[in-house]
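There are 4 protein chains.
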Amino acid sequence: MKVSFLIFCCTVAVYAHSQSHSHRTERSLKFPDIAGYKTMKCDLHQHTVFSDGNVWPNIRVQESLKDGLDAISLTEHLEYQPHKADIPHPDRNRSYELALTEAKSHNLIIIRGSEITRSMPPGHSNAIFIEDANKLLISDSIQVFQEAKRQKAFTFWNHPSWIRQRPNGIATLTDMHRRLIKDKLLDGIEVVNEHTYSDEALQIALDNNLTIMGTSDIHGLIDWEHNVPHGHRPITLVFAKEANAEAIHEGLSNRRTVALHNNLLIGRDEFLVPLVEASLKVDTAFYADKSDVLTLVIRNLTSIEFTLQNRSGYTLHEHSDLVTVQPGEKETINVKTVKRLPNVSLKFEVLNAINAPNRHPVITLKGKMQ
Amino acid sequence: MKVSFLIFCCTVAVYAHSQSHSHRTERSLKFPDIAGYKTMKCDLHQHTVFSDGNVWPNIRVQESLKDGLDAISLTEHLEYQPHKADIPHPDRNRSYELALTEAKSHNLIIIRGSEITRSMPPGHSNAIFIEDANKLLISDSIQVFQEAKRQKAFTFWNHPSWIRQRPNGIATLTDMHRRLIKDKLLDGIEVVNEHTYSDEALQIALDNNLTIMGTSDIHGLIDWEHNVPHGHRPITLVFAKEANAEAIHEGLSNRRTVALHNNLLIGRDEFLVPLVEASLKVDTAFYADKSDVLTLVIRNLTSIEFTLQNRSGYTLHEHSDLVTVQPGEKETINVKTVKRLPNVSLKFEVLNAINAPNRHPVITLKGKMQ
Amino acid sequence: MKVSFLIFCCTVAVYAHSQSHSHRTERSLKFPDIAGYKTMKCDLHQHTVFSDGNVWPNIRVQESLKDGLDAISLTEHLEYQPHKADIPHPDRNRSYELALTEAKSHNLIIIRGSEITRSMPPGHSNAIFIEDANKLLISDSIQVFQEAKRQKAFTFWNHPSWIRQRPNGIATLTDMHRRLIKDKLLDGIEVVNEHTYSDEALQIALDNNLTIMGTSDIHGLIDWEHNVPHGHRPITLVFAKEANAEAIHEGLSNRRTVALHNNLLIGRDEFLVPLVEASLKVDTAFYADKSDVLTLVIRNLTSIEFTLQNRSGYTLHEHSDLVTVQPGEKETINVKTVKRLPNVSLKFEVLNAINAPNRHPVITLKGKMQ
Amino acid sequence: MKVSFLIFCCTVAVYAHSQSHSHRTERSLKFPDIAGYKTMKCDLHQHTVFSDGNVWPNIRVQESLKDGLDAISLTEHLEYQPHKADIPHPDRNRSYELALTEAKSHNLIIIRGSEITRSMPPGHSNAIFIEDANKLLISDSIQVFQEAKRQKAFTFWNHPSWIRQRPNGIATLTDMHRRLIKDKLLDGIEVVNEHTYSDEALQIALDNNLTIMGTSDIHGLIDWEHNVPHGHRPITLVFAKEANAEAIHEGLSNRRTVALHNNLLIGRDEFLVPLVEASLKVDTAFYADKSDVLTLVIRNLTSIEFTLQNRSGYTLHEHSDLVTVQPGEKETINVKTVKRLPNVSLKFEVLNAINAPNRHPVITLKGKMQ
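Chains as they are written, first to last, in my numbering: chain A, 66 to 435; chain B, 66 to 435; chain C, 66 to 435; chain D, 66 to 435.
Don't read these hints as lab results, they were simulated from the structure. Treat the hints with care, since some could be wrong.
[What the hints assert, rightly or not] Distance condition first, Cα-Cα at most 27 Å in a straight line; then the derived DSSO-like pairs of lysine-lysine:
no.	chain 1	residue 1	chain 2	residue 2
1	D	106	D	95
2	B	149	C	412
3	D	149	A	200
4	C	355	C	103
5	C	200	A	395
6	D	346	D	249
7	C	355	A	169
8	B	395	D	131
9	B	149	C	103
10	D	200	A	131
11	A	355	C	169
12	B	95	B	149
13	B	200	B	169
14	C	200	B	131
15	D	346	D	106
16	D	149	B	169
17	D	169	B	355
18	A	169	D	169
19	A	106	A	249
20	B	149	C	149
21	D	149	A	149
22	A	412	A	433
23	C	95	C	355
24	B	200	B	131
25	B	103	B	149
26	C	306	C	249
27	A	200	A	169
28	B	131	D	395
29	D	200	A	149
30	C	395	A	131
31	B	169	C	149
32	A	149	D	169
33	C	249	B	200
Bound-form chain A, shown alone:
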């Protein structure tokens, strides 16, 4: 394999990508915890000048603090080092260490990681929670995963729908991937990378019990690439038992994630439904005098817009079946329950969340009457 074949950078896409147009005005990303777990906001695939990125590691730390993240990993390409003439540093852990120093006085977890850079198969992969990046400089594509696992790494397949390696954009499992999965050498798969979301990657994750990942794969500046503050970078929400690195590792290993991409949440219902139900709270519920129409004030605790489809069986007095709730704001809906209900329990399909290709979770909004 010639690594030089791979020097086309993900960020230099030859076509325009969709710009996010959310109502966000504050930069920091916000999601509530769910029962039993901390919701940890992680971007586990990033680059700096120590591979083919364009900033020093301290900028990645500062960006992440501005974005309100809990954990990041600077996953420099092991094999692709275009700045090597200028930065010949032999230690592939260097980027991690500089980030660690920068983050010292802040509440941001830095996770040691590296990108294993191959043509397809198996394409690019990340190994994070590793002990020593240098020991991953192994040319055999299977052996490098074995070494990563010897280091107790969490591994995931990067941008399986990347046009450079998949001209039709369709993520497809190869025999090598099947072997890696079977041998428990591959744990996760990016269903979201940079500006792309892949239905096929999601299906692969579901079919093979892989962890659903979303990452920025940032090379330039988050602000420019994601139109901050209107847009935001993709991240992985990890449901961790505690707010520390070990718990994130455990959460990732046990598939407890939801990927975020613009206003879209992608995950398994087991975590997606509690996340959305914790995100949308009933602030107020009452019947006005001389009216049998239920007034419900829904508060969105997150920094993304929700698009809901009414599945309550009742019709609404001001909306059709489509209801949007802006980030950080309240939305009032009036539900024609015909008779007065003793308490609120209404089903909505969450169109900006996805639990399988073209399938959306259904949540229940619950609340007590005033």
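For this one, chain A is given, so just place chains B, C and D on it according to the hints.
Leaving out everything else, chains B, C and D in the frame of chain A:
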């Protein structure tokens, strides 16, 4: 019937209503024409100080010009005249005449109209394109429609889901309505009034071949009531053969309308589908070098946000099945067509449009390759 | 005198006027109290449909509540009644009474007033705090002021620079005005009316000990006329001993006012200086380690932008001599005091305040070191 | 001299600095040409990872393109190389060469430069338009300037008011500076560096015929440091005979500059007055019917806000003596000329421009009547 029983004004709702949060920054409403018809933006239910509104007719004209409307009607209550002590003018056409004078040097059509104000049944109704409002001061609820029709009026049932007259908010046809419809005395029904949309009213329109109407029923100021410029008033889009009053009358009489309420379009597929297809144009369509992913730039020619659900059979490279297109802007989507297609023909369900309760039209985006 | 000669409405200016471009995003006007006085926000010259305005009195009350005003007067033209054919109500107090009803459950003072409408001299004048508007329908221009004074009114000269009555825009005192002033029949003068400010009117106020007034003279909608929320209407700040109508009357009579016009404050130094000094507070003052540069955080408590010119004798480390402080925000300035000062006492000329034509007050920013 | 003494970075200020609050919404900086010269927007003091900055040179090029600059220089510290352990590249021209490659296909001039890093005296200086940065690694503070001049460099004194080297913030000439100036080894002086402006530096420039410079001295990200797009970086406007590097060099050498800092322009009247007069154009000038008040529409062609003080001898009809003109917008003023003038020629003092400490240039707005 005691009119004093009706003095509760629509605008003094006892509960909060949903505030629109669109990306609109320009005030004027914009919709394209469709094949064979001018798309006329009409608000045919409004009040001034000449009944229970709070402004002089010239303000209604100025508001409408700012909103980019083509036609309005000031439909003062015939029977409910709370300012009568101050404005005892005996001619119920006075409001119309003052608006006509104000609009003289502008491109705004003023349609003579009146509101026939009754308790339920039949509730409130509007008669527009009348000859003389004074002659509609008839106490019998059937005879007043007969007189309106003698004047060749177009008539419609106002806010059939009004809480004051329907405490559960459910629009329900009465025997009197059935008789009015059967005798061709009632032409249309408001499915949208002020801040409300009614699925049941839409079903009544469909079941009884009534014209689908949306009106502001404004009493105060449009700017305050509809959070201008972020929100906008509800209107009726009338598909008229020419841009004049007679053609609007003909279009209304032949059920050629789409009602607009926030970002929602309500109508029959026959007009809704061409309207949306004229609103969303394919600006650019191409396959980039070394890629079999179709890039499509969709331009939204209207002042409302569109929410589309992918029904093309293909998956998208950056979106899930949900795509939003902001007012007046472009959205790029990348479609994984697997093989290169010779031209574009992709189906989308339009979630912010409704052709029956809980049913959305499906449109086809068409374009040529570059 | 033919009243018909006066039918040109102030609002139909034939030229464009400057649009305010402030950073205001909240609508309500905010100014702090000063020592010994409540700062009462008053708009004492307004019109409704009861003379040549375009809205019912309740809209004026609602606008004023949105603008955070404390007191208003609806000063209908006594002699100019273009809506008389429609509103023949013989009682010229009617507008006041309707406003009073609307304001009942709100914290807004309604002051009975009328506009005495004459060609020049003496032009238009307002009499407020009157007992009965009907009794001011007197054709003699002196006698009407005498009757107003008999009713213990506060009177002021409206828009003395009005182009319709002063084609060169220069406010000029006539013999009739001199007589009214000498006989204590005229108390104040508008230096600000609608979109205009008059240096010459200010000089007349100073030379003749008249109360400095600023009013909207609104006929249409405040929102449209003043580009709300970016701009705002002109008002008079009255320094009153208590927050009630009598105290406003006493404050006006004793010349205790500052007029507000966009970001401009116009008044006598006696009130202007304490108002600005109460508006701009030193939040923080300190010398950083190893630095002899004083850091000062100034907080603007008002809803207008301040433009200050440094008169402290020191130079600044980040600004030239010009410093702006945005509405409701903080501005940090770094003052090169050469040696460390024990406390803060720095002079600034306030360029957006005026105490005489082309003359700006000088204030002292005071604070303690942290 | 111990270089380690100098490791305090300019960007880590221990106190808050003023945030710009302009109405700018577009990022690109805009200034018109003046008679005989191109107005070249230059930022000639910047850092990358090749000294103590935090980004790769390509980001500096991309930032500059977004800001609409014409020329930049990456002036790495020669003596201060905190990233040397990672980037040991021996060639001090490396940063320049990488920027040159990045800029190749763009319209941005890259000027070779270096920062000569010393404790005070003489503090830090930049040499730009050099031939070889490596040859400037000379420990003697005079000899390094002599070598720079041998290379035909343009040299300037950086941040003479820097708190780290001047705890009271007062720029002060030392004997060494006097000698450098006398020997024609020092050409310019930063009156603006990063967030600071120095009256004393301006006086030194004027007293010693030095070129007035403004630079960002950026180490981190322009977007974050200058609150883009609301704020912008400081730059030097160079008036060059042609749009190329040589002409910029010639313009700098001949003192033809204006420094820009937030909305402030600093320069000699010779260039400041034509720049402002080219920036503010009279779009329209007329007297309306029956009025002797001159209406003037002024268009601001730049991306900064102008604050003008009326020195015309006439009073204004809507403004006091203070007039602001927003970036890229029009402002209407109405001038009470008493008699009708045949053409427009009105003097204004430009408060947001400075030609000497506390002194502002006076410009003449000229235009023809419609």
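Here is what the structure says about each hint:
Straight-line distance between C-alpha atoms of residue 106/D and residue 95/D comes to about 9 Å, which keeps the hinted pair within the 27 Å bound. Under the criterion of a C-alpha separation no larger than 27 Å, the hint pairing residue 149/B with residue 412/C is inconsistent with the structure, at around 60 Å. Pair hint residue 149/D plus residue 200/A holds up; C-alpha atoms about 25 Å apart against a cutoff of 27 Å. A distance of roughly 44 Å separates the Cα atoms of residue 355/C and residue 103/C; the hinted pair therefore is violated under the 27 Å criterion.
Between residue 200/C and residue 395/A, the direct Cα distance comes to roughly 53 Å. Violation of the 27 Å bound is thereby established for this hinted pair. Between residue 346/D and residue 249/D, the direct Cα distance comes to roughly 39 Å. Violation of the 27 Å bound is thereby established for this hinted pair. Only pairs whose Cα atoms come within 27 Å are accepted, and residue 355/C paired with residue 169/A is accepted, the gap being roughly 25 Å. Distance check on the hinted pair: residue 395/B and residue 131/D sit about 21 Å apart at the alpha-carbon level, within 27 Å; holds.
Simply put, residue 149/B and residue 103/C have alpha-carbon atoms about 40 Å apart, too far for the 27 Å limit, and the pair is violated. At roughly 41 Å between alpha-carbon atoms, residue 200/D and residue 131/A are farther apart than 27 Å, so this suggested pair is violated. Using a Cα cut-off of 27 Å, the hinted pair residue 355/A and residue 169/C holds, with the two alpha carbons roughly 25 Å apart. Our distance criterion of 27 Å between C-alpha atoms is broken by residue 95/B and residue 149/B, whose separation comes to about 38 Å.
Between residue 200/B and residue 169/B, the direct Cα distance comes to roughly 26 Å. Compliance with the 27 Å bound is thereby established for this hinted pair. At roughly 41 Å between alpha-carbon atoms, residue 200/C and residue 131/B are farther apart than 27 Å, so this suggested pair is violated. The suggested pairing of residue 346/D with residue 106/D holds, with an alpha-carbon distance near 21 Å, which does not exceed 27 Å. At most 27 Å may separate the alpha-carbon atoms for a hinted pair to count; residue 149/D and residue 169/B exceed this at roughly 77 Å.
For the given pair, residue 169/D sits about 25 Å from residue 355/B by alpha-carbon distance, which is consistent with the 27 Å threshold. Under the criterion of a C-alpha separation no larger than 27 Å, the hint pairing residue 169/A with residue 169/D is inconsistent with the structure, at around 39 Å. For the hint pairing residue 106/A with residue 249/A, the CA-to-CA distance comes to about 25 Å; that is within 27 Å, so the pair holds. Under the criterion of a C-alpha separation no larger than 27 Å, the hint pairing residue 149/B with residue 149/C is consistent with the structure, at around 14 Å.
At most 27 Å may separate the alpha-carbon atoms for a hinted pair to count; residue 149/D and residue 149/A meet this at roughly 14 Å. Between the alpha carbons of residue 412/A and residue 433/A the distance comes to roughly 15 Å, so the proposed pair stays at or under 27 Å and holds. Of the pairs offered as hints, the one joining residue 95/C and residue 355/C is violated, with about 39 Å between alpha carbons and a cut-off of 27 Å exceeded. At roughly 33 Å between alpha-carbon atoms, residue 200/B and residue 131/B are farther apart than 27 Å, so this suggested pair is violated.
A distance of roughly 39 Å separates the Cα atoms of residue 103/B and residue 149/B; the hinted pair therefore is violated under the 27 Å criterion. Restraint check for residue 306/C and residue 249/C: the C-alpha separation of about 23 Å stays at or below 27 Å, so the hint holds. Distance hint between residue 200/A and residue 169/A is fulfilled; the C-alpha atoms sit about 26 Å from each other, no more than 27 Å. For the hint pairing residue 131/B with residue 395/D, the CA-to-CA distance comes to about 21 Å; that is within 27 Å, so the pair holds.
Restraint check for residue 200/D and residue 149/A: satisfied, since their Cα atoms lie roughly 25 Å apart, inside the 27 Å limit. Distance check on the hinted pair: residue 395/C and residue 131/A sit about 21 Å apart at the alpha-carbon level, within 27 Å; holds. Restraint check for residue 169/B and residue 149/C: satisfied, since their Cα atoms lie roughly 22 Å apart, inside the 27 Å limit. Restraint check for residue 149/A and residue 169/D: satisfied, since their Cα atoms lie roughly 22 Å apart, inside the 27 Å limit.
Between residue 249/C and residue 200/B, the direct Cα distance comes to roughly 57 Å. Violation of the 27 Å bound is thereby established for this hinted pair.
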